[in-house]
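K.L.:
Next come the chains, spelled out residue by residue.
There are 2 protein chains.
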Amino acid sequence: MFGTETEFVHWLQRRVPVRGGSLKLGIGDDAALVAVAPGQELILTADLSIEGVHFLRRVHPAHAVGHRALARSLSDIAAMAGTPRFALVSLAISRRTPRPWIEEFYAGLLALAKRFGVAVIGGDTAVVPAGTMIDVIVAGEVPRGRALCRSGAQPGDLLFVSGRLGLSALGLQLLKSSGASPTRYVPVSRRQTAEALQAHLYPEPQCALGRFLSENRLASALIDLSDGLSTDLGHLCEASGVGACVWENLIPRPEVPAARESRGVDTLDLALHGGEDYQLLFSVPPRKASQIPRRFRRVALQRIGEIHRSRELLLVRSNGKQSLLRPGGYDHFQKVKG
Amino acid sequence: MFGTETEFVHWLQRRVPVRGGSLKLGIGDDAALVAVAPGQELILTADLSIEGVHFLRRVHPAHAVGHRALARSLSDIAAMAGTPRFALVSLAISRRTPRPWIEEFYAGLLALAKRFGVAVIGGDTAVVPAGTMIDVIVAGEVPRGRALCRSGAQPGDLLFVSGRLGLSALGLQLLKSSGASPTRYVPVSRRQTAEALQAHLYPEPQCALGRFLSENRLASALIDLSDGLSTDLGHLCEASGVGACVWENLIPRPEVPAARESRGVDTLDLALHGGEDYQLLFSVPPRKASQIPRRFRRVALQRIGEIHRSRELLLVRSNGKQSLLRPGGYDHFQKVKG
Numbered sequence: 001m002f003g004t005e006t007e008f009v010h011w012l013q014r015r016v017p018v019r020g021g022s023l024k025l026g027i028g029d030d031a032a033l034v035a036v037a038p039g040q041e042l043i044l045t046a047d048l049s050i051e052g053v054h055f056l057r058r059v060h061p062a063h064a065v066g067h068r069a070l071a072r073s074l075s076d077i078a079a080m081a082g083t084p085r086f087a088l089v090s091l092a093i094s095r096r097t098p099r100p101w102i103e104e105f106y107a108g109l110l111a112l113a114k115r116f117g118v119a120v121i122g123g124d125t126a127v128v129p130a131g132t133m134i135d136v137i138v139a140g141e142v143p144r145g146r147a148l149c150r151s152g153a154q155p156g157d158l159l160f161v162s163g164r165l166g167l168s169a170l171g172l173q174l175l176k177s178s179g180a181s182p183t184r185y186v187p188v189s190r191r192q193t194a195e196a197l198q199a200h201l202y203p204e205p206q207c208a209l210g211r212f213l214s215e216n217r218l219a220s221a222l223i224d225l226s227d228g229l230s231t232d233l234g235h236l237c238e239a240s241g242v243g244a245c246v247w248e249n250l251i252p253r254p255e256v257p258a259a260r261e262s263r264g265v266d267t268l269d270l271a272l273h274g275g276e277d278y279q280l281l282f283s284v285p286p287r288k289a290s291q292i293p294r295r296f297r298r299v300a301l302q303r304i305g306e307i308h309r310s311r312e313l314l315l316v317r318s319n320g321k322q323s324l325l326r327p328g329g330y331d332h333f334q335k336v337k338g
Numbered sequence: 001m002f003g004t005e006t007e008f009v010h011w012l013q014r015r016v017p018v019r020g021g022s023l024k025l026g027i028g029d030d031a032a033l034v035a036v037a038p039g040q041e042l043i044l045t046a047d048l049s050i051e052g053v054h055f056l057r058r059v060h061p062a063h064a065v066g067h068r069a070l071a072r073s074l075s076d077i078a079a080m081a082g083t084p085r086f087a088l089v090s091l092a093i094s095r096r097t098p099r100p101w102i103e104e105f106y107a108g109l110l111a112l113a114k115r116f117g118v119a120v121i122g123g124d125t126a127v128v129p130a131g132t133m134i135d136v137i138v139a140g141e142v143p144r145g146r147a148l149c150r151s152g153a154q155p156g157d158l159l160f161v162s163g164r165l166g167l168s169a170l171g172l173q174l175l176k177s178s179g180a181s182p183t184r185y186v187p188v189s190r191r192q193t194a195e196a197l198q199a200h201l202y203p204e205p206q207c208a209l210g211r212f213l214s215e216n217r218l219a220s221a222l223i224d225l226s227d228g229l230s231t232d233l234g235h236l237c238e239a240s241g242v243g244a245c246v247w248e249n250l251i252p253r254p255e256v257p258a259a260r261e262s263r264g265v266d267t268l269d270l271a272l273h274g275g276e277d278y279q280l281l282f283s284v285p286p287r288k289a290s291q292i293p294r295r296f297r298r299v300a301l302q303r304i305g306e307i308h309r310s311r312e313l314l315l316v317r318s319n320g321k322q323s324l325l326r327p328g329g330y331d332h333f334q335k336v337k338g
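Each protein sequence line maps, in turn, to chains A and B. Going by my numbering, the first sequence opens with residue 1, and the numbers climb by one from there. Going by my numbering, the second sequence opens with residue 1, and the numbers climb by one from there.
These are computed hints drawn from the structure, not numbers from a lab. If you're wondering where the values come from, they're calculated on a predicted model, not measured in any experiment. Careful, some of the hints might be misleading.
[Claimed, not checked] Here chain B is said to cover these stretches of chain A; the calculated rule only asks that three of the stretch's residues, wherever they fall, bring their Cβ under 8 Å from a Cβ of chain B:
| # | region |
| --- | --- |
| 1 | 5-12 |
| 2 | 34-45 |
| 3 | 118-124 |
| 4 | 198-207 |
| 5 | 308-321 |
[What the hints assert, rightly or not] Taking CB as the label site, the calculated pair distances span:
| # | chain 1 | residue 1 | chain 2 | residue 2 | range |
| --- | --- | --- | --- | --- | --- |
| 6 | A | 114 | B | 117 | 24 to 30 Å |
| 7 | A | 216 | B | 287 | 57 to 63 Å |
| 8 | B | 39 | A | 19 | 17 to 23 Å |
| 9 | B | 57 | A | 215 | 49 to 55 Å |
For glycine and all other residues, C-beta sits at the position ideal for the given N, C-alpha and C.
Just chain A, with the same shape it has in the complex (with noise of 0.2 Å):
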């Protein structure tokens, strides 16, 4: 633990940029202030990280608690379709939290900020009894009138997403049941485990995809899928009034071999209720379809159904049979996973 606020404050403005381009003051005064440039609307993101509901410390290690907190944020930038620009970062630290621990934390952080381009430039520290809690804020810049909403969606869209769903509910449930120790996983092949571990651990958030879709006005409806499709689905659904038809078989999903998967690992579960994948889940009118790449960068971008006008989700099983889609996600203040 650092020794006094003075001292961690003045540990912090030595990792950060404190003025330039547009900031046009940092960390260390009673408010940051930067400039939006002209023709830009502002977007304004706040997520919670906290020790027992959002990480746990046995398995998450703090390099990673810092990265996932900013991802978080850096995700609804990207679901806007925006640029992140400025992080703030707001952290009520437990008491026996030892001082390698918040280094760790920031240095985690700090690197995605870097890769994106954000700085960090205010927030608040307390010190707490137990329990540590993050709030990240991230502001970021869209142009005027091009931020991409839930609620475009329009019945007849086709609806996509990028990367396979569910690999980050894979990667925690492969954490935890390794207990302490990083080389006792539970026996899925080597590269598997290995890409499950980095979509829970290090999960990258989509912005250039978000900007590609809003661009080249390809989009009708954007989310980014934290909670699960099933419950994220809903959300789009709901904010644009309509319905909506996923197939089964088209859900891009974690790959695990067929023996295993009988242990007691349902990719389909995963996918659909899973959550923490950070992708993005968009509709895109039937007449635009064939613009959308196979793969944007190096993830592949899937059409998984339909948007209807009947308020109902509905899942196509493999074996053609219709049925209900509830939101399976985390609700917080039902504290289930579905």
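Once you've looked at the hints, dock chain B against the given chain A.
P.N.:
Just chain B now, with coordinates in the frame of chain A:
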């Protein structure tokens, strides 16, 4: 407690604006979207309010917790000479919190927001086992180049404060000594009791004063008094690379009858180290000092000292003797009150 996250979000959406003016999109999408007026710079600040650290369930009514949580951030905007515009509220609610507490919390926060023209446009929510934590983020505007920082004080400048210092700390002392009952306070007069309680539970951010100082180019440096005069004066002097001298006789303090004061209420200690007054401390070049009014709106402005070149902070006592003024305000890492 609310049944589901959706129920809570819908409840909140009915109490806040979703669109209008520079607000393009409020609560309900992946992030909020706002326009910043041309010629304005953006001020961003975040402030934590944590149960057991910043407020106590048995002492602070939920309505006042909501007011104070937002007031902390509004005061930071005042300290930059800005106008607050938008707020995000991140709320980690302890599971045992009854729904009326949350409703009262928002009632207090939204009443202050309305009075200052601030729209609540986003945030995050989670449920935690114990220990409610709130992070309030405020975005404000200030005309380009007109923000007032901590760093502009020059040797020879005069130091002013608004209001009386230590009132909030006195109010907290009264609340704590009264136990749970609001009728049994330590014996100060009724008016003085009411004033101290008001100052503690419902502090008034000095945004109009901050703007007045900037618009008339009166202040060379500005900070708000959140941690206590001894600590915040140190911040202002450190940022400006100067020191200061303040006169005990000039520091405006709570009115407590002398007889009572001798029974344990040390108003100088409260004024120097008490904190949470959310008044403004500012330096003024001598040639402009005559332009500082005795009162701004109904708040007294008082000259308390001056800036000097030596880095020391000095206190001139009533008997004429000088002593070093050491920071005695709250330090979260040290967990000591001076």
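K.L.:
Each hint: holds or not?
P.N.:
Results for each hint:
no.	hint	result
1	5-12	holds (count 4)
2	34-45	holds (count 9)
3	118-124	holds (count 4)
4	198-207	violated (count 0)
5	308-321	violated (count 0)
6	114/A x 117/B: 24 to 30 Å	36 Å, violated
7	216/A x 287/B: 57 to 63 Å	59 Å, holds
8	39/B x 19/A: 17 to 23 Å	20 Å, holds
9	57/B x 215/A: 49 to 55 Å	50 Å, holds
The structure does not agree with the numbered hints 4, 5 and 6 stated previously, though it agrees with the rest.
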